[in-house]
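**Student:** Sequence:
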Amino acid sequence: MNGSHAAPARPAQGYRETYASWQADPEAYWLDIAKGIDWIRPPQKAFDAAAGIYGRWFPDATCNTCFNALDRHVRDGRGQQVALIHDSPVTGTKARYTYAEMLDEVATLGAVLQDLGVGKGDRVLIYMPMVPEAAFAMLACARIGAVHSVVFGGFAAKELATRIDDAEPKVILSATCGIEPTRVVEYKPLLDGAIAMARHKPQACVILQRPQAEASMHAARDKNWRMLVAAAKATGRKADCVEVAATDPLYILYTSGTTGRPKGVVRDNGGHMVVLKATMDQLFDVGPGEVMFCASDVGWVVGHGYIVYAPLIQGATSVLYEGKPVGTPDPGAFWRVIAEHGVKVLFTAPTAFRAIRKEDPEGKHLAGHDLSRFRALFLAGERADPETLKWAEALLKVPVIDHWWQTESGSPIVGDPMGLGLLPIKHGSPTVPLPGWDVQCLDEGGRPVEAGKMGAIVLKLPLPPGALPTLWNDDARFREAYLTTYPGYYNTSDAGYIDADGYVFIMGRTDDIINVAGHRLSTGGMEEVLAAHPAVAECAVVGIRDALKGEQPCGFVVLKAGVTQSPAEVERELVALVRERIGPVAAFKLAVTVNRLPKTRSGKILRATMKKIADGEDYAVPATIEDVGVLDEIGAVLKGRGLG
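Terminal number for the sequence shown in this note's numbering: 644, no gaps in between.
Since the hints were made in silico from the structure, they are not lab data. Errors might be hidden in some of the hints.
[What the hints assert, rightly or not] Heads up, simulated DSS-like pairs for lysine-lysine below, C-alpha to C-alpha not over 25 Å straight-line:
{"no.": "1", "residue 1": "K263", "residue 2": "K324"}
{"no.": "2", "residue 1": "K201", "residue 2": "K158"}
{"no.": "3", "residue 1": "K223", "residue 2": "K233"}
{"no.": "4", "residue 1": "K170", "residue 2": "K158"}
{"no.": "5", "residue 1": "K223", "residue 2": "K201"}
{"no.": "6", "residue 1": "K324", "residue 2": "K397"}
{"no.": "7", "residue 1": "K358", "residue 2": "K390"}
{"no.": "8", "residue 1": "K390", "residue 2": "K263"}
{"no.": "9", "residue 1": "K397", "residue 2": "K364"}
{"no.": "10", "residue 1": "K223", "residue 2": "K170"}
{"no.": "11", "residue 1": "K560", "residue 2": "K589"}
{"no.": "12", "residue 1": "K560", "residue 2": "K460"}
{"no.": "13", "residue 1": "K201", "residue 2": "K233"}
{"no.": "14", "residue 1": "K358", "residue 2": "K426"}
{"no.": "15", "residue 1": "K426", "residue 2": "K324"}
{"no.": "16", "residue 1": "K158", "residue 2": "K120"}
{"no.": "17", "residue 1": "K158", "residue 2": "K612"}
{"no.": "18", "residue 1": "K158", "residue 2": "K233"}
{"no.": "19", "residue 1": "K158", "residue 2": "K45"}
{"no.": "20", "residue 1": "K263", "residue 2": "K238"}
{"no.": "21", "residue 1": "K460", "residue 2": "K397"}
{"no.": "22", "residue 1": "K390", "residue 2": "K238"}
{"no.": "23", "residue 1": "K45", "residue 2": "K35"}
{"no.": "24", "residue 1": "K94", "residue 2": "K35"}
{"no.": "25", "residue 1": "K397", "residue 2": "K453"}
{"no.": "26", "residue 1": "K397", "residue 2": "K426"}
{"no.": "27", "residue 1": "K324", "residue 2": "K94"}
{"no.": "28", "residue 1": "K223", "residue 2": "K364"}
{"no.": "29", "residue 1": "K324", "residue 2": "K358"}
{"no.": "30", "residue 1": "K263", "residue 2": "K120"}
{"no.": "31", "residue 1": "K94", "residue 2": "K201"}
[What the hints assert, rightly or not] Pair ranges (Cβ atoms, derived):
{"no.": "32", "residue 1": "E27", "residue 2": "R447", "range": "44 to 54 Å"}
{"no.": "33", "residue 1": "E480", "residue 2": "A234", "range": "19 to 29 Å"}
{"no.": "34", "residue 1": "E617", "residue 2": "T255", "range": "21 to 31 Å"}
{"no.": "35", "residue 1": "D370", "residue 2": "L422", "range": "36 to 46 Å"}
{"no.": "36", "residue 1": "A568", "residue 2": "P181", "range": "49 to 59 Å"}
Just so you know, even glycine gets a beta-carbon here, dropped at the ideal spot from N, CA and C.
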């Protein structure tokens with residue numbers, strides 16, 4: 001592959017200078033960062049405002065994402081460096097793949113896909129657990145110019161069917177099962193059920209047989225993954241990198257928790273690589289040869305960006321972890337991974353740390369683990385409550401960096417940029433907009449609000465490289481869902497405020513702002529107060545129907561292990577605490593202790609479902625919830641309180 005070679009890293013600059021240089025000339029700024037990518041035809045123009053819905057980035061460039069993630073590092077002498085570490089406490093196995101070994105696996109799988117008729121622009125659906133083959137599959141698609149759509153392994157058949165019908169994949173790559181700490185989740189029956197329901201039928205399914213669950217194969221449709229790969233290796237079949245336009249789609253990712261017709265977020269090739277390179281340098285400060293542990297799943301945008309693509313584009317080493325923060329085997333699971341693999345940066349969800357804190361509030365499981373190479377903890381995926389942040393800071397004695405982004409943005413929007421020099425921390429804020437993002441706070445009429453006042457958090461158009469250009473085959477829905485409420489802005493559907501120092505505070509989804517007797521109150525603000533109580537491990541506040549006030553806040557709390565106070569005593573203290581900190585206007589009178597909070601597989605708390613239970617409304621069991629029993633438990637507790 002010819003074209004420009006990677007340029008030296010940008011000279012060290014502070015955040016203010018870097019943000020100002022982007023503001024002064026966005027196109028020159030992004031073209032400069034683009035020098036860190038190997039292009040087939042390098043971009044001469046950064047942005048075409050007339051293309052697409054709000055413009056397109058690098059419209060004249062061509063590239064290949066897999067080449068940037070693997071081939072160029074082998075070419076440049078990094079072939080023997082470890083690219084991927086698979087650590088699976090649920091199976092008791094570990095594996096390491098160098099860049100050269102990974103390139104061999106990916107090029108071979110790419111040839112297998114080509115032999116099945118997959119070509120440039122064709123879609124491939126990936127329905128996989130956290131195994132190395134999931135990463136190989138994504139990169140193999142990128143290599144041959146196919147568009148992958150990863151669906152979280154174990155997702156319900158009906159929801160999987162809607163994604164099959166929307167993406168219309170030529171081939172589906174899957175495995176026989178995923179493995180949880182206490183059970184094996186068989187994927188093949190779910191996949192078979194989804195294909196039976198779907199209007200669109202794939203031409204082939206390639207199935208990775210795992211020893212924990214063998215699956216029967218559909219004679220005409222299903223192929224054995226290992227047999228196809230072995231046959232390709234025996235004949236030396238390998239796929240070359242296919243040239244694609246920078247604006248061609250790399251993947252489609254359906255937003256989690258959707259019901260009915262899903263929203264397929266599109267990610268392009270060129271802009272995606274450029275922005276991931278920028279975030280590895282500016283935000284995460286992870287360089288070539290350093291180790292990044294992103295404890296997410298490849299089914300989520302975080303896993304796409306920071307398990308697979310960003311670390312490999314950067315020439316770093318990525319840890320792909322098949323396990324949990326607790327229970328595999330204990331709350332010290334993350335500390336073991338960090339120590340054993342020399343991790344510099346851990347990126348996970350606040351839920352994971354709340355779970356660790358609940359099981360091990362004194363941090364006893366940290367003892368004996370060498371974290372000398374560990375430099376920072378990054379949290380994202382939901383709001384990081386200040387108490388969890390403070391607990392993690394005190395335990396780990398490294399910066400704990402909250403940052404905020406969305407599936408649609410494709411990369412962090414707001415964060416504390418470790419690579420540009422950390423800014424002072426304000427607990428409860430993910431800090432400041434990163435270069436490329438113009439974050440504003442507007443009232444319901446679309447007017448900017450004063451500093452510190454609650455409003456809708458929006459992003460001024462055009463969005464930077466790597467953000468979604470549209471939804472798959474649905475430009476009209478993209479405009480309606482994101483661009484019409486506030487003309488000239490992308491509506492994040494998050495609510496919050498920006499303080500006088502420019503720090504952004506995300507307080508929850510717009511529909512998490514509840515109206516109590518005419519006062520607009522943030523459930524996130526109340527959750528901060530509840531989480532500050534020493535007995536509380538986790539909490540969620542929802543607005544439930546109230547005949548007099550419209551809505552009344554209800555706080556659901558999970559207590560830490562070892563708490564000796566009675567739940568009733570803690571609940572009384574919580575009510576008093578909210579009245580003291582927020583005031584009588586909050587009308588907070590109801591705290592309810594539960595054993596668990598219902599969550600999606602990504603760790604997001606199902607507040608809308610809890611509200612429906614409390615309001616006595618019918619609700620659909622979300623496809624991503626692991627344990628339906630937790631909803632029944634909450635319903636029983638609320639009925640005991642005369643609610644629901």
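**Student:** Determine for every hint whether it applies to the structure shown.
**Tutor:** Now the hints, each set against the structure:
Between the alpha carbons of K263 and K324 the distance comes to roughly 28 Å, so the proposed pair goes past 25 Å and is violated. With a C-alpha separation of about 14 Å, the suggested pair K201 and K158 falls inside the 25 Å cut-off, and the hint holds. Straight-line distance between C-alpha atoms of K223 and K233 comes to about 16 Å, which keeps the hinted pair within the 25 Å bound. For a cut-off of 25 Å, the pair hint linking K170 to K158 stands: about 19 Å separates their Cα positions.
Taking the CA atoms of K223 and K201, the gap is about 15 Å. The hint holds against a cut of 25 Å. Straight-line distance between C-alpha atoms of K324 and K397 comes to about 23 Å, which keeps the hinted pair within the 25 Å bound. For a cut-off of 25 Å, the pair hint linking K358 to K390 stands: about 14 Å separates their Cα positions. As the CA atoms of K390 and K263 are separated by approximately 36 Å, the hinted pair breaks the 25 Å bound.
Our distance criterion of 25 Å between C-alpha atoms is met by K397 and K364, whose separation comes to about 15 Å. For the proposed pair K223 and K170, the alpha carbon gap of about 14 Å is at most 25 Å, so the pair holds. With a CA separation close to 22 Å, the supplied pair K560 and K589 stays within the 25 Å bound. For the given pair, K560 sits about 42 Å from K460 by alpha-carbon distance, which is inconsistent with the 25 Å threshold.
Annotation: proposed proximity of K201 to K233 is violated, straight-line Cα distance about 28 Å (limit 25 Å). With a C-alpha separation of about 24 Å, the suggested pair K358 and K426 falls inside the 25 Å cut-off, and the hint holds. Under the criterion of a C-alpha separation no larger than 25 Å, the hint pairing K426 with K324 is inconsistent with the structure, at around 29 Å. Among the hinted pairs, K158 with K120 is inconsistent with the structure: their alpha-carbon atoms are about 28 Å apart, more than 25 Å.
Distance check on the hinted pair: K158 and K612 sit about 22 Å apart at the alpha-carbon level, within 25 Å; holds. About 36 Å separates the Cα atoms of K158 and K233, which puts this hinted pair outside 25 Å; it is violated. Between K158 and K45 the CA atoms are separated by roughly 43 Å; this puts the pair beyond 25 Å, and the hint is violated. Proximity of K263 to K238 is assessed by CA-CA distance (about 34 Å); at most 25 Å being required, the pair is judged violated.
With a C-alpha separation of about 36 Å, the suggested pair K460 and K397 falls outside the 25 Å cut-off, and the hint is violated. A distance of roughly 50 Å separates the Cα atoms of K390 and K238; the hinted pair therefore is violated under the 25 Å criterion. At roughly 13 Å between alpha-carbon atoms, K45 and K35 fall within 25 Å of each other, so this suggested pair holds. Between the alpha carbons of K94 and K35 the distance comes to roughly 36 Å, so the proposed pair goes past 25 Å and is violated.
For the proposed pair K397 and K453, the alpha carbon gap of about 33 Å is over 25 Å, so the pair is violated. Of the supplied pair hints, the one linking K397 and K426 holds, its CA atoms being roughly 17 Å apart against a limit of 25 Å. Distance restraint check for K324 and K94: the Cα-Cα separation of roughly 15 Å lies within the 25 Å cut-off, and the hinted pair is therefore satisfied. For the suggested pair K223 and K364, the alpha carbons sit about 48 Å apart, so the restraint of at most 25 Å is broken.
Taking the CA atoms of K324 and K358, the gap is about 14 Å. The hint holds against a cut of 25 Å. Simply put, K263 and K120 have alpha-carbon atoms about 23 Å apart, close enough for the 25 Å limit, and the pair holds. Distance check on the hinted pair: K94 and K201 sit about 35 Å apart at the alpha-carbon level, beyond 25 Å; violated. The hinted window of 44 to 54 Å between E27 and R447 is violated, with their beta carbons roughly 29 Å apart.
The hint said 19 to 29 Å for the Cβ distance between E480 and A234, and at roughly 52 Å that hint is violated. At about 23 Å, the CB distance of E617 to T255 agrees with the hint of 21 to 31 Å. Take D370 and L422: their Cβ atoms lie about 24 Å apart, and the range 36 to 46 Å is violated. Our hint of 49 to 59 Å for A568 and P181 is violated, since their Cβ atoms are close to 32 Å apart.
In summary, the numbered hints that this structure violates are 1, 8, 12, 13, 15, 16, 18, 19, 20, 21, 22, 24, 25, 28, 31, 32, 33, 35, 36.
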